[in-house]
Amino acid sequence: MRILLSNDDGIHAPGLAVLERIARTLSDDVTVVAPIEEQSGKGRSLTLTEPVRLRAFGEKRWAVTGTPTDAVMIALAEIMKDAKPDLILSGVNRGANLGEDVSYSGTVAAAMEGAHAGIRSIALSQRYAGSGLGDAVTFAAAEAWGERVLRTLVDTPFAPRTLVNVNFPPVAAEDVQGIRVVAQGMRDYGRLQLDRRTDPRGFDYYWLRLGRIPHTPTEATDLEAIEHGHITVTPLHLDLTHRASLAMLGERFQ
Numbered sequence: 001m002r003i004l005l006s007n008d009d010g011i012h013a014p015g016l017a018v019l020e021r022i023a024r025t026l027s028d029d030v031t032v033v034a035p036i037e038e039q040s041g042k043g044r045s046l047t048l049t050e051p052v053r054l055r056a057f058g059e060k061r062w063a064v065t066g067t068p069t070d071a072v073m074i075a076l077a078e079i080m081k082d083a084k085p086d087l088i089l090s091g092v093n094r095g096a097n098l099g100e101d102v103s104y105s106g107t108v109a110a111a112m113e114g115a116h117a118g119i120r121s122i123a124l125s126q127r128y129a130g131s132g133l134g135d136a137v138t139f140a141a142a143e144a145w146g147e148r149v150l151r152t153l154v155d156t157p158f159a160p161r162t163l164v165n166v167n168f169p170p171v172a173a174e175d176v177q178g179i180r181v182v183a184q185g186m187r188d189y190g191r192l193q194l195d196r197r198t199d200p201r202g203f204d205y206y207w208l209r210l211g212r213i214p215h216t217p218t219e220a221t222d223l224e225a226i227e228h229g230h231i232t233v234t235p236l237h238l239d240l241t242h243r244a245s246l247a248m249l250g251e252r253f254q
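Throughout the sequence shown, residue numbering follows full-length UniProt numbering, covering 1 to 254 in sequence.
No wet-lab data here; the hints were simulated from the structure. Note that the coordinates shown come from a computational prediction; the quantities given were computed from them, not determined experimentally. Warning: the hint list may mix true and false statements.
Claimed, not checked - If you anchor each label on the Cβ, the simulated ranges turn out as follows:
1) T156 with R201: 54 to 60 Å
2) G190 with H237: 24 to 30 Å
3) L46 with T138: 29 to 35 Å
4) R201 with F57: 34 to 40 Å
5) A144 with D28: 17 to 23 Å
6) T25 with G190: 39 to 45 Å
7) T138 with H215: 21 to 27 Å
8) G229 with R191: 21 to 27 Å
9) E227 with M1: 33 to 39 Å
Just so you know, even glycine gets a beta-carbon here, dropped at the ideal spot from N, CA and C.
Required output: the full structure, derived from the provided sequences and hints.
Structure representation (C-alpha cells):
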C-alpha cells in the first residue's frame, strides 16, 4: 500500500513526525509532501499568483512553497504520477478541526483534495487543552490510538468523493474513552478575536485568532464527543448542495 502524507503545519511539524510513525505501521511505502512553512487556516486555497517550488528533504520527502492543496496536487501530478497513492493521510494537526473548523482547515483541505482525486483520504488532528497556539500540545492520544483508528478505516469502504475527519482528545492515552462516529457540529458565530495594533508609521494592523466562546454542543456531534474524551470519526463529503432547498428554490424561480 502506497501512502502519501501531508499537513498544514509544515514539513518540520512534530505532528507530521507522529503521523509518519503511525503510517509506517501500515506500510513501508510512505511519501511525504508538505508545505515548507505553516499554512494553518488556508483552507483549500491554491497558489496561483506566484510559482510553487519543490525542495527535497530526504528520501521520499518533499516540501512545497505553497498550501496543503498545492502539496497534494503536486504530489499526484508530479512526484507520484506513475504510482498514485492508495491512501492519503493529512496531519496530525496541532489543534482540533471540529465543527465549522473543517471549512478553514488546511489539514482537512489536503484530505479533500485526495478525495476529489478518488483516493481514500483521512485528516487527523490532536486537540490541545489550552486556548491558544502557544499552549503545549501532547500527541499522546494520537500516537497511541492512531494505528487502531486507521486500520479500521483502511478496511472500510468509502463512498465516492468522501473523506474522514478524525480528532483526538487532549487526554493521556489511557484516559481516552473510546472511538465515536459522529456528525460534524456547529458553534455559534463570533469566535473571531481581533487584536488591533499600530505600527511605527501610525497604521493599524490586526492579529486574528479563533477563540473559544460559551457553547453547548449538540449531542452526537464531534464537538460533544471530544468534550467527553472520545476520539471522533466524522465522514465528510465534497458535495455542498443543500438538497432539501432545491425544490423550494426551484419553485421560486418558475
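*Hint numbers not upheld by this structure, sorted from lowest to highest*: Of the numbered hints, all hold.
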